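Quick note, the sequences are listed as chains B and U, same order. The first sequence begins at 1 in the numbering used here and counts up one residue at a time. The second sequence begins at 1 in the numbering used here and counts up one residue at a time.
Read the hints as simulated data drawn from the structure, not as lab findings. Possibly wrong hints are sitting among the right ones.
The following label-pair restraints were derived from C-beta to C-beta distances [said to hold, decoys possible]: (1) R3/U with H192/B: 35 to 41 Å; (2) S32/U with G25/B: 54 to 60 Å; (3) E123/B with S32/U: 15 to 21 Å; (4) E92/U with G32/B: 51 to 57 Å; (5) G63/B with L62/U: 33 to 39 Å; (6) R18/B with E92/U: 20 to 26 Å; (7) S93/B with V172/U: 33 to 39 Å; (8) L88/B with V168/U: 27 to 33 Å; (9) V168/U with S70/B: 53 to 59 Å; (10) E92/U with P42/B: 37 to 43 Å; (11) R3/U with P42/B: 28 to 34 Å; (12) P90/U with L88/B: 38 to 44 Å.
From a predicted model like this one, the values you see are computed outputs, not experimental measurements. Beta carbons are placed, not taken as given, at the ideal position from N, Cα and C, and that holds for glycine.
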Amino acid sequence: MNITQRCNLLIEDLSVARGERVVFGGVSLRMGSGEIAEVTGPNGVGKSTFLRAIAGFLPLGSGRMSWVESEAMDSAPLAERLHYVGHLDGLKSALTARENLEIGLGILGRGRLTPLEALDRMELAHVLDLPVGYLSAGQRRRVALARLLIADRPLWLLDEPLTALDQHARALLKVIVADHLGSGGLMLAATHEPLGLPETIQVRLGAM
Amino acid sequence: MSRILLVIFLRDLMLARRIGGGGVLGLVFFLSLVTIVPFAIGPDLHLLSRIGPAILWIAALLASLLGLDRLFQADHEDGSLDQVLLSPAPLELIVLVKCVAHWFVTGLPLVVLSPLFGLMLDLDGPALRAVAATLLVGTPALTFLGAIGAALTVTLRRGGLLLSILVVPLTVPVLIFGVSSAQSGTVPFLTPFLVLSALGLASIALAPIAAAAALRGAGE
Chain B
1 MNITQRCNLL IEDLSVARGE RVVFGGVSLR MGSGEIAEVT GPNGVGKSTF
51 LRAIAGFLPL GSGRMSWVES EAMDSAPLAE RLHYVGHLDG LKSALTAREN
101 LEIGLGILGR GRLTPLEALD RMELAHVLDL PVGYLSAGQR RRVALARLLI
151 ADRPLWLLDE PLTALDQHAR ALLKVIVADH LGSGGLMLAA THEPLGLPET
201 IQVRLGAM
Chain U
1 MSRILLVIFL RDLMLARRIG GGGVLGLVFF LSLVTIVPFA IGPDLHLLSR
51 IGPAILWIAA LLASLLGLDR LFQADHEDGS LDQVLLSPAP LELIVLVKCV
101 AHWFVTGLPL VVLSPLFGLM LDLDGPALRA VAATLLVGTP ALTFLGAIGA
151 ALTVTLRRGG LLLSILVVPL TVPVLIFGVS SAQSGTVPFL TPFLVLSALG
201 LASIALAPIA AAAALRGAGE
């Protein structure tokens, strides 16, 4: 783990509108290195939209977001400092797990673990040269999560990361997340089931 | 940054090879159009060789429309478009690289095989060369103009039809100058060929900007 510098994410009074409809409004959040936040709320309240807005996929309705890294050599935009794993896993079914992860590294940059090491952390090294299309839903998700370890980015945005994962894989994910936080990373997860990590910041949407 | 673009270029070529479809489908469609026209027109070789360049150009235009709807849609559906948006490379350049890869798979085979198909329409040597040269310069313009339509229809499940309606009017100038420079005799080769080259270069320069803007809007 190479993230040594302190990072801070500050979100002030964020709201996102799709067309005329305001999906959510007035969300504020402040988090720093080593902190994890869970975004909770009923279905359709805008948890995924919240994460996609932070990732920069959606224009912000109002509010401010800032990302500060101490000792930052270059002030890279937030989108280049985060990982996003959403409902769609971003994997190509026709390519093998290794090829998918190598492409992920090529696109995201700043390599950390090799595809084999990353899959090994998800206990999936045996599927390295299988096309991802042959894998089960849970295995695909584990390959997508292995991408988090491939490229070194401090902020992880995970949308329902536990979906399709069995108990064992959930434990593996918790270990990876704990390592990431331990090395100074940040994580923001939209979830219905608590990950059960200590000192989790709760962001509750739709509780007005 | 050029590494990122190279990765995306090679990925798209690799996917085209693994999945197949796009390129070969366009080629077979091209061949079947060229084969079927002489049956409709009848055994008049003079007529056939006179309208041959136009037939080849229309066939190439329709064939290059075929695979276009998947250009960005495949990436949108499996979430890889999100990953690409997180890369440090600007989306405009990524669109450019994806179009070039798409042209390599679908446009270039049409150019290479057009002299062979031209023989079936009784074209002579200079006409075959002229058609191949105009297609070489013109098919990139078709791909890049089509990319605008592909980006606009990226979220639509059956976007192919709408894409054709959007793109075909844009390709009319390319078709006019392509055919008029390929059809030797009426006008000199060079003047329309230069206009065609200009259209190609302009679409390569401008279409990625339009397509990238459409893709960013598609997230909303």
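Taking the hints in turn, this is what the structure says about them:
1. R3/U and H192/B have their C-beta atoms about 39 Å apart, which keeps the hinted 35 to 41 Å range intact.
2. Between S32/U and G25/B the Cβ separation comes to about 56 Å, which falls inside the hinted range of 54 to 60 Å.
3. Under the hint 15 to 21 Å, the C-beta atoms of E123/B and S32/U, about 50 Å apart, miss the expected range.
4. Between E92/U and G32/B, the C-beta spacing of about 34 Å breaks the proposed range 51 to 57 Å.
5. Range check, G63/B to L62/U: Cβ separation about 48 Å, and the 33 to 39 Å hint is violated.
6. A hinted range of 20 to 26 Å for the beta carbons of R18/B and E92/U is consistent with their spacing of about 25 Å.
7. The hinted window of 33 to 39 Å between S93/B and V172/U holds, with their beta carbons roughly 38 Å apart.
8. Distance hint check for L88/B and V168/U: the Cβ-Cβ separation is about 31 Å, which falls inside the suggested range of 27 to 33 Å.
9. Restraint check, V168/U to S70/B: a C-beta distance of roughly 55 Å satisfies the suggested window 53 to 59 Å.
10. Here the CB-CB span from E92/U to P42/B is close to 39 Å, well matched to the stated 37 to 43 Å.
11. Checking the proposed 28 to 34 Å range against R3/U and P42/B shows it is violated: the Cβ atoms sit about 43 Å from each other.
12. Take P90/U and L88/B: their Cβ atoms lie about 22 Å apart, and the range 38 to 44 Å is violated.
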